[in-house]
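Chains as they are written, first to last, in the working numbering: chain A, 1 to 365; chain B, 366 to 730.
Some hints could be false.
Selected chain A positions facing chain B (Cβ under 7 Å, derived; list incomplete) [stated by the list, open to error]:
(1) Glu87
(2) Gln194
(3) Thr242
Straight line, CA to CA, 25 Å or less: simulated PhoX-like cross-link-like pairs of lysine-lysine [claimed, not checked]:
(4) B:Lys727 <-> A:Lys172
(5) A:Lys190 <-> A:Lys94
(6) A:Lys33 <-> B:Lys397
(7) B:Lys622 <-> A:Lys265
(8) B:Lys397 <-> A:Lys362
Where chain A lies over chain B, by a calculated footprint (3+ residues, C-beta under 8 Å) [said to hold, decoys possible]:
(9) 425-434
(10) 493-504
(11) 601-614
(12) 656-662
(13) 672-680
(14) 718-725
Just so you know, these hints were derived from the structure itself, not from any lab. For glycine and all other residues, C-beta sits at the position ideal for the given N, C-alpha and C.
Number of protein chains: 2
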Amino acid sequence: MTNERRDFIKKTSLAGIGAAIAVPSIASADSKKTFRWKMTNCYGAGAPFYSTGPGSASYFCKRVEELTDGRLRIKHYPAGELIPAMEGFDAVSKGTIEMNWGNSFFWAGKTFAAQYFTAVPFGMNFQGTNAWLQFGGGQELWDEVYKPFNVIGLAAGNTGVQMTGWFKKEIKDVKDLDGLRMRVPGLAGKVLEQLGVSVKLLPGGEIFPALERGVIDAAEFVGPFQDRRMGFQKAAKFYYTTGWGEPSNTTECLINKDAWATLPKDIQAIVKTVAAECNLMGLSWSEANNSEALEDLVKNQGVEAKTLPDSVIEKLRELTFVTYAKLTANDPLVKKVHESYFAFKAMHDDWQNKSEEVVMTKLSS
Amino acid sequence: MTNERRDFIKKTSLAGIGAAIAVPSIASADSKKTFRWKMTNCYGAGAPFYSTGPGSASYFCKRVEELTDGRLRIKHYPAGELIPAMEGFDAVSKGTIEMNWGNSFFWAGKTFAAQYFTAVPFGMNFQGTNAWLQFGGGQELWDEVYKPFNVIGLAAGNTGVQMTGWFKKEIKDVKDLDGLRMRVPGLAGKVLEQLGVSVKLLPGGEIFPALERGVIDAAEFVGPFQDRRMGFQKAAKFYYTTGWGEPSNTTECLINKDAWATLPKDIQAIVKTVAAECNLMGLSWSEANNSEALEDLVKNQGVEAKTLPDSVIEKLRELTFVTYAKLTANDPLVKKVHESYFAFKAMHDDWQNKSEEVVMTKLSS
């Protein structure tokens, strides 16, 4: 097992390096050519982190223009401005639009494998996710999953740990979830349904009024900074911070492969590097903003920030893995992605338990 | 306090964005100019992470050449090939060399403030460090500290958590440190001396023979991947993983300011972005490699990976902060950096205790 793992790291590391440090292109006719691209977004105008602010789609486009000295100009269209919010994947796949900004798990209806490149319930945090993507075979699997769609996905941001969500009443036991009406999309919703939660799929703007008027009893969104902007603290006081559903959440920059092939090598390298810069910058911005926002919510706005009871966590874990077993059973590629992800996680957990976890539990004040 | 903190984040965030997304330069005469630069390195040829491999100095130089389509070519000289290992700062400061790769804490003899931009005993991990540098005022302070030297420092890598080190005998109590001869440089060494440790400053290549022959009883180096290459596991079996001395460790790309000013805006943006890519890539490579190496050391090489006893951690913490008080007392700029760092840490710890720590303690297998 250990030797296999070592080989695995070696092979994928070398593959990664080879791809990344390809010999610079010799200046060609192409190097003077300019490109005008369009990027759509799953998120609307003014959404911090996703459409505005450091590391966001608008930052990415400005930065690519700056690094290419204007040779690649990407016009950014927040959701709804050119096409509806969730039509970016098909538009990029067809090539009517060159790029889309969002999260790969929005495309889980096309293949459940897309889940693993955004957020994995009971999965890895930022460190583990990026180590897997870059040096554990994750990016190669992402390429394989997206090949039939003629697109490439790049990691271009990370919110860090997302919260379980806002609850009007305290959760003391698994039974307290039974009958709860909760806004919670995706895989976390599928798991919670098995505990009797009535899952409501509401767009961002409709969550606060629904929570305030009692149409729903609980809501999951992102983290302290984004959640505070929505005003959830005025409608629910119990904030469960246990990030079981999204221990990290990767932003996706989606690119049409034919359009990609027309770019000179130096511009391709710039696009990839700016995506990496946005990945780190987005995480750092989230960490700084969430730190400030959580302190404010707890100290000034009467919010109780709590972890879920262990009994609830254990039940969620059990049901999550039952759900994975069903969703991976009939698709060999999904199974392959799942197994690669969790094999890497097992190895990384052992290291992390002895490094980052010790820093947090024994060294922090 | 909370409102002040909020303003602090807002101001530094906006400053950061302003600096980062400056309007792209209009193509000028400069945009066709080519540059030939030299980069020295604090580490020798073949040092993984620092001089070779993903995110290292050699990767950085190749990547800059690729993104600039050959307009900026940086020739990389590992330690000793052009100048001795630790003369990079002065050479870059004088402008005889444009860049140096290493760690800012090597320059702590010039100003103790340099310590805070690499690794801080009882300080922050990767997430906190980068949030402080990018959005907590850290980079601005780094610029201020380096201004008199005519240089700029950029974060360009991170090893993640580094280990306490290798010990021939178990450490059960503070008394077990008394009289120990240990290779441990920097601030951690100053703290350990106060517990009776006899600190030995040995270059990397001399550590293994000294440990094997019993000239020293213990040695601190980096982490599992780099340490295993040195063979320490063949000379000492107790591996203390508690990263109190370096909860994260930032790689520095040092740049002469006059040389920097000659670069067109697009090339400056490329250099900064490649440094950010190396920062993330270095961390990911460390995480992947350390995971594999620690598993191998424990399962196949008879190493005992242990955390320090709580009583030892508490004594180290106490003495570390006594040491900080002495080192910051007589220099207002050092004090300002120290206070900025630990104020940000206090706020970030509260968030991290409720997010990443929960992921590690309650969600990981």
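| message | Hint by hint, where does the structure go against what was stated? Just the numbers, ascending. | response | Of the numbered hints, 1, 2, 5, 7 and 8 do not hold.
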